[in-house]
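Taken in sequence, the protein lines are chains P and B. If you read the first sequence in our numbering, its first letter stands for residue 1, the second for the next number, and so on. If you read the second sequence in our numbering, its first letter stands for residue 1, the second for the next number, and so on.
Since the hints were made in silico from the structure, they are not lab data. A quick note: this is a predicted structure, and the numbers were derived from the prediction, not measured. Hints may contain errors.
Calculated cross-link-like contacts (lysine-lysine; reagent style DSS-like; alpha-carbon spacing at most 30 Å) [what the hints assert, rightly or not]:
#, chain 1, residue 1, chain 2, residue 2
1, P, Lys63, B, Lys244
2, B, Lys24, P, Lys128
3, P, Lys63, B, Lys369
4, P, Lys39, B, Lys14
5, P, Lys39, P, Lys78
6, B, Lys369, P, Lys2
7, B, Lys373, P, Lys72
8, B, Lys189, P, Lys72
9, B, Lys26, P, Lys121
10, B, Lys14, P, Lys128
11, B, Lys30, P, Lys90
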Amino acid sequence: MKVLLMGHPNVGKSVFFNRLTGSNAIESNYPGTTVDYTKGYMLLENKDVEVIDVPGIFSLEPKDRAEEVSVKMLEEEKDAIVVCVFDASKIERGLYLALEIIEKGYPVIIALNMWDVATDKNIAIDVKNLEKILGVPVIATTAISGEGIAEVVSRIGEASPVKIRNIIKNAGD
Amino acid sequence: MGLSVDERWDLIDKISKETVTFGKYKHTLKDAVGELTIKPLTGIPIAIAVLYGLWSFFGSFAGFFTDGFFVSLFDEHFLPWIQSVFPDKGGWLYYIFVGDPLADNCFEAFGVLTSGLFIAIGVVLPAIIAFYLILTLLEDIGYMPRLAVLIDTILHKIGLHGYAIVPTILSLGCNVPAVTASRILETRKQRFIMMTLLAIFIPCGAQLGIMEEVIPDTMGYVLIYLLIGYFILGFILNKIIPGKSPEILIDVPPYQRPMLRNVRRKMQMRIVGFFKVAIPFVLLGCAVVNILYKGGVIDWLANVMSPLLSGWFGVPDETVGPLIAAFLRKDLAVAQLSAIPMTSYQMITSVVLVSIYFPCVATFVMILKEGWKDLLGSVAVLAAVVFLYGGLIHLIGILLGVA
Numbered sequence: 001m002k003v004l005l006m007g008h009p010n011v012g013k014s015v016f017f018n019r020l021t022g023s024n025a026i027e028s029n030y031p032g033t034t035v036d037y038t039k040g041y042m043l044l045e046n047k048d049v050e051v052i053d054v055p056g057i058f059s060l061e062p063k064d065r066a067e068e069v070s071v072k073m074l075e076e077e078k079d080a081i082v083v084c085v086f087d088a089s090k091i092e093r094g095l096y097l098a099l100e101i102i103e104k105g106y107p108v109i110i111a112l113n114m115w116d117v118a119t120d121k122n123i124a125i126d127v128k129n130l131e132k133i134l135g136v137p138v139i140a141t142t143a144i145s146g147e148g149i150a151e152v153v154s155r156i157g158e159a160s161p162v163k164i165r166n167i168i169k170n171a172g173d
Numbered sequence: 001m002g003l004s005v006d007e008r009w010d011l012i013d014k015i016s017k018e019t020v021t022f023g024k025y026k027h028t029l030k031d032a033v034g035e036l037t038i039k040p041l042t043g044i045p046i047a048i049a050v051l052y053g054l055w056s057f058f059g060s061f062a063g064f065f066t067d068g069f070f071v072s073l074f075d076e077h078f079l080p081w082i083q084s085v086f087p088d089k090g091g092w093l094y095y096i097f098v099g100d101p102l103a104d105n106c107f108e109a110f111g112v113l114t115s116g117l118f119i120a121i122g123v124v125l126p127a128i129i130a131f132y133l134i135l136t137l138l139e140d141i142g143y144m145p146r147l148a149v150l151i152d153t154i155l156h157k158i159g160l161h162g163y164a165i166v167p168t169i170l171s172l173g174c175n176v177p178a179v180t181a182s183r184i185l186e187t188r189k190q191r192f193i194m195m196t197l198l199a200i201f202i203p204c205g206a207q208l209g210i211m212e213e214v215i216p217d218t219m220g221y222v223l224i225y226l227l228i229g230y231f232i233l234g235f236i237l238n239k240i241i242p243g244k245s246p247e248i249l250i251d252v253p254p255y256q257r258p259m260l261r262n263v264r265r266k267m268q269m270r271i272v273g274f275f276k277v278a279i280p281f282v283l284l285g286c287a288v289v290n291i292l293y294k295g296g297v298i299d300w301l302a303n304v305m306s307p308l309l310s311g312w313f314g315v316p317d318e319t320v321g322p323l324i325a326a327f328l329r330k331d332l333a334v335a336q337l338s339a340i341p342m343t344s345y346q347m348i349t350s351v352v353l354v355s356i357y358f359p360c361v362a363t364f365v366m367i368l369k370e371g372w373k374d375l376l377g378s379v380a381v382l383a384a385v386v387f388l389y390g391g392l393i394h395l396i397g398i399l400l401g402v403a
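So that you can see chain P by itself, here it is in the shape it has in the complex:
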């Protein structure tokens, strides 16, 4: 089993990655810091699990070399669990990519990262309801200070593929 960290550029995937694995992926406050993938290991239920920090992408249609790396990575790792890292203050964009990945049949778990920024901007997200609609684990995180990381780790096992029509049905009522 492998864990892929995917999401838009500059949402804090590398910070997340370093928190999970204790590695030293370069973190900066600008989009496009990670242009190649970085691998590391985390301990999950007493097993070493490979975690991959994937360059940020907007959607699964790549627009530059760094994004090509990401899409190829996803295609090669058929049995991976994908941790979708969102910028919680821009949740719609994160959902677009997450839905694309869910549609491809990957088990997904969502980290609403930069939760502190969303709070500053007075954006309130009903995490429980979002989780119910999507049928995948959703966790509020602030990777830079470490909040929510432990919960993500403990719930990675809950991720399982969901059918997009179930999500449509749940969103409709």
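With chain P held as given, fit chain B onto it using these hints.
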């Protein structure tokens, strides 16, 4: 069976309506600062002030440690000591490792353990630390994307867009990560232009540090020639290379207070990287050039290349030694140039030549990793540029009556 783009957005609309509520947003001080630094009227003067401030910091920080500490450590204590304890004065090994037994400073000794160590640790290390401290702060605060937006218009003229400022600035530290960072540019044309311009015209931090130390008076002219070359070549490449140069499309993130933990870790990684990659190459470069001197190869080459060097470029034939060292390390090459007697205009020309004539071996390997076709293209462009631009600088010197 996936959703269409529209269906997906419709679904997202429904989901976010049910789960997200947007409260009233207050305009904060952070937003105000963010706007001031990105609107051209205030942003451009601020950018100039920021860059100038960083430049002064770079010079004074590096100078403080080099002149204030390392020069006396190496010249007064280390050099006399190693000259006296190294066995077999006058032998081959002595020549390679210690160099000139009569030298009274580490620049002119030319040995692996004298000049090599002094350049790497005494001059370049403080410069690298200063540069990376600045770069890390700029990165973590979130200033880079703002700089990108401000400089966008200018960089479009050379087939790039504002975000090319990221590889360009990284390149001022080291060309190697900058080559990889050029992947954030969208098209192959842009990436080719970027890599070629980086490899030819952007001096790395090591080279900047050594120039600051050995040719402080002429350094400005060298940088002006490099900057002009960057834009002329970019302009030409943009005209002749087929392909598209799309618009800049980036998110400008909010400013953030840099986290000490992250700054420390990044600095540490980059400095360790410098020790691992740069120091062995500086020492190796010293050794190679010394062996070639001793074997008479340099003199022979200087003779053969004379029409090109003193004829076309107007620099002393002896510059062939530093030019060979420049394959391995540009900082070493500049240091060796500074020990050759020549006029200041010849110094400007030869330092520009060392900068542009070939990317150092580490950069060369990185460009190769991005694709051998692009590498061949870059090398072809490079050969033409060195010949023409080097000749042009000589011509300008003749016209000004200084060459």
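Next item on the list: Determine which of the earlier numbered hints do not hold for this structure and return their numbers in increasing order.
Entry: 4
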